[in-house]
Amino acid sequence: MPEIKELVKQLADKHGRTRESLLPILQGIVSEDRYISDFAMTEVARELDMSAALVYGTATFYSFLDTQPRGEYVIRLCRTITCDMQGKKQILKTLEDLLKIKVGETTKDNKFTLLETNCLGWCHKGPAMLINDEIYTEITPEKVNEIIGEYMKK
Amino acid sequence: MPDKKLKRVDLIFSEECSCKDVLADGLKSSKEEILQKILDSGLRGRGGAGFPTGLKWKFTAQEESDEKYVVCNADEGEPGTFKDREILSRVPLKVFGGMTMCAKVIGAKHGYLYLRGEYQFLRKDLQKALDKFHSYLKEMNHDFQIHILMGSGAYICGEESALFESMEGKRGEPRNKPPYPTVAGFRNKPTVINNVETLVYSFMIIRIGAKKFQELGTADSRGSKVFSVSGDTPIPGIYELELGMPLGDFVEEFGDGDTKAVQVGGAAGFCVPRKKFKDTIIGFEGVPTGGSMMIFNSSRSMYNVLKNYVEFFEEESCGQCTPCRVGCQQLKLGIEAVKKGEKSAAYLDTLQKLAETMKVTAKCGLGQSVANSFSSIVDNFREEMIY
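Read top to bottom, the protein sequences are chains Y and R. One point on numbering: in this note's numbering, the residue at position 152 of the first sequence is 152, and numbering is uninterrupted. One point on numbering: in this note's numbering, the residue at position 333 of the second sequence is 333, and numbering is uninterrupted.
So that you can see chain R by itself, here it is in the shape it has in the complex (with noise of 0.2 Å):
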């Protein structure tokens, strides 16, 4: 059983450390020094899939190619989630920062951090930031240069390589896989793309040491996470804490003492019931999360919260393979008759078979990830889809 309480931590936010010394001291380790940490500290991505960041700009590194980037995903969307807007306007000294020190360990000129258009009024404030944080690398010698490109309001684009795509002036739509954005990312080349906070904490992971991260989390979830609380809570807002609590203490801490269910991890995250709510630890090896938790009391309707998500796919779907275009629509389409009486309870078995369909159908995480809300929430819920 998890021996991992909550605690709180605060390593992202903290000011007491100079963006410019960490950044002259990360320059002057070499790139070998710099990935050895990363990949010692047992960071995984922050943005939910959970790859070892290590690894990722490793085999980047390995790569033989004349160009290679770095790019930083503010794409933001999932449902719930705010964490990347609240570092963004925090800390983005430290995100260029993380962006500088992968760009060194894979050998990239350029670096590109994709901003979702929802955050335009982001733009001018981080425009200035990153003109600051020029003028150090200026100061160093250093030749990285960072671009800012803006999205236009596509969930899909936070996938990596309909991220690619976008930057590239196209439709949003995933590519297939492989080749892995470490072969072939933006512009088909060799690309390294994390999330916002997997950066920050790569660059904190330089500061502190990868003694210190590991000392955090568990062993398949080291360190610490920033979770978007949102929902029934008396105190919504980001929280910086270590991985691998049980959703228990989570719900004592955050919840208003009624509470039924959290979603882990957005939309395309996990329904836990409040059965549950012990045995489920918050990480890789229980249930993972973006980041984002959003907290439902007994008064809510999980019927309402499912066909939320719902529309939510069918509307953000690129539309490009059958299983995400037709499915999204027939799984919302289906519970709506259910619950009108026009089919049978016994037709939500029908549904969840569609939805496991497309967890192995579909072409991208999108698709493949509709099956997790929908299948936690009908399975602990079905009663509340029917009546």
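Here chain Y stands alone, though its shape is the one from the complex (with noise of 0.2 Å):
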């Protein structure tokens, strides 16, 4: 806990300590920790003397704030029609044979957690993820093989 305190502090010191710094805070929390706990919102929210209630509700808004623990690396697969009909229901189904997870969950390691996602904007490329802020465009069942291979060894 006293690493969040400390994160808590150093983010706030970057980025100010009014309800405009909330959300860079909140966004440095997740790329650091991959999740917001409450204890971090509640941190969030003496640092800068606003209600507990306003750091939740602002948090659990955002899709990419992340309230839940998660992984490491976070997958967010794009679940839009056009990289369905490129073929990301077999990478979807790769992607949970490979991790043993389904969407939503996260790897007993605490390594990965597999996520869908709305268009993430490469419709002409799909099928497209991100692995955390990494974008992965065209990928086939035998790539996604080689990308997790690689993460795995991370």
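No lab work stands behind these hints: they were computed from the structure. All clues given are correct.
Which bits of chain Y does chain R cover? Going by a derived footprint, with three or more residues having C-beta under 8 Å, they are:
1) 13-20
2) 50-64
3) 71-83
4) 106-119
5) 122-131
Here are the simulated lysine to aspartate or glutamate pairs, EDC-like style, with alpha carbons at most 20 Å apart:
6) Y:Lys14 x R:Glu168
7) R:Lys31 x R:Asp66
8) Y:Lys89 x Y:Glu138
9) R:Lys128 x Y:Glu134
10) Y:Lys125 x R:Asp256
11) R:Lys124 x Y:Asp133
12) R:Lys189 x Y:Glu20
Values in this document were obtained by computation on a predicted structure and should not be read as measured data. Note that beta-carbon positions come from the ideal geometry of N, C-alpha and C, so glycine has one too.
Taking the hints as your guide, dock the two standalone chains into a single complex.
In structure tokens, the structure reads:
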């Protein structure tokens, strides 16, 4: 917990302590920890001197501001029709088989979380997925094997 | 009948112009001259809604305020749209240039670019380009600063007032309108908010003049536009085309020979079936689009397409107003029930009425536009919804 306290303080020093700083601070926590815990939210509220309910309300509004524990690598597969038409379902199955989890779940070793997301803006090069902030396009089951294999080694 | 043909244009991405020179020229002109150019060009917003850009700038310029802002809406989230990402990665300086021109007209010292979280990977290069751009401004002794803010995966934040809320660190819930952003936008100050592409076109109009821009397109839809082409096409990608072409021309150029429908304008847009290709004009006088063009051939189930869209809206509805929150859920449950045979085909008419109700009662563009795709798909492909 002291790490979170320190992180929140650092982020507040960087982005400021006003309401407008809230989103960048929450984004900073996610990029460090992959999710915002209840404790982190109350820490932010304390640091910014605002109600924890406000922090909670804001954090839970945004789909990229996870408030559930997530793995080290969060995979977001695009679920829009154009990616679907280019083989998204096979990709999903490959990912589920490979990681032995379903959409919404995290692997036991806390390494991967598998999620679906709305249009990633790569419809001409689908299927597309994000792993944290990294984008992968025109993926095939073979490519997914390779990509995930690389991450597993990390 | 339409007399325009499909014509490729190369305005936005053409490299022949030095951003620095155009910027220097632009900054030398008076704000009245710049505004007049944009007004004369007939440019309308390229995000989808199509409000005349010059008027937006003019209204904001007329407001009395100690602070004004220009905001670039780079929260491109409409399914099937990816042109803003392409523009931001290929010609970011032109986007900043457009913001600077707007700032000069309205009297803003600060500009903000709100980039969707899905495009975080662009951030680094964009910041580099911005640093370079700021060095130009410094050389020219022009007092204007642009800041990049990130979104976090909420489609609704592309709605302008929701975007301001998000910039202010709140939930991205749309505000009541009026007041419009030109009166009370970011921090409740007069604000111009323009789409990425609109800002680039503004900048290009400063360079080529209003007349040359006006020569393209039609009376209602001046100029050209960047289209994001995807789906069943052998050549998916980004294309800049003159506005006002018949959809038939578009399909001939981009279809795979077996096109059964085109979804014009993304999930919030309209589905046009084959029999209407010839008579549908792409532009504000016909079917407008923010750029998304999804092509479906006869192997595709339009039920799956509609279900995908409705699920999308259900997820992305901010939940603030009842018509949208409950309406999206019920539309999804409704089409599933009809497909399964749990409800009769006539139930589709009830759902159509619900969609129409959402159109008049939802608070913002998201809920109001669900009916566009819903009604156009159910009307034109009714049998596919049932069997």
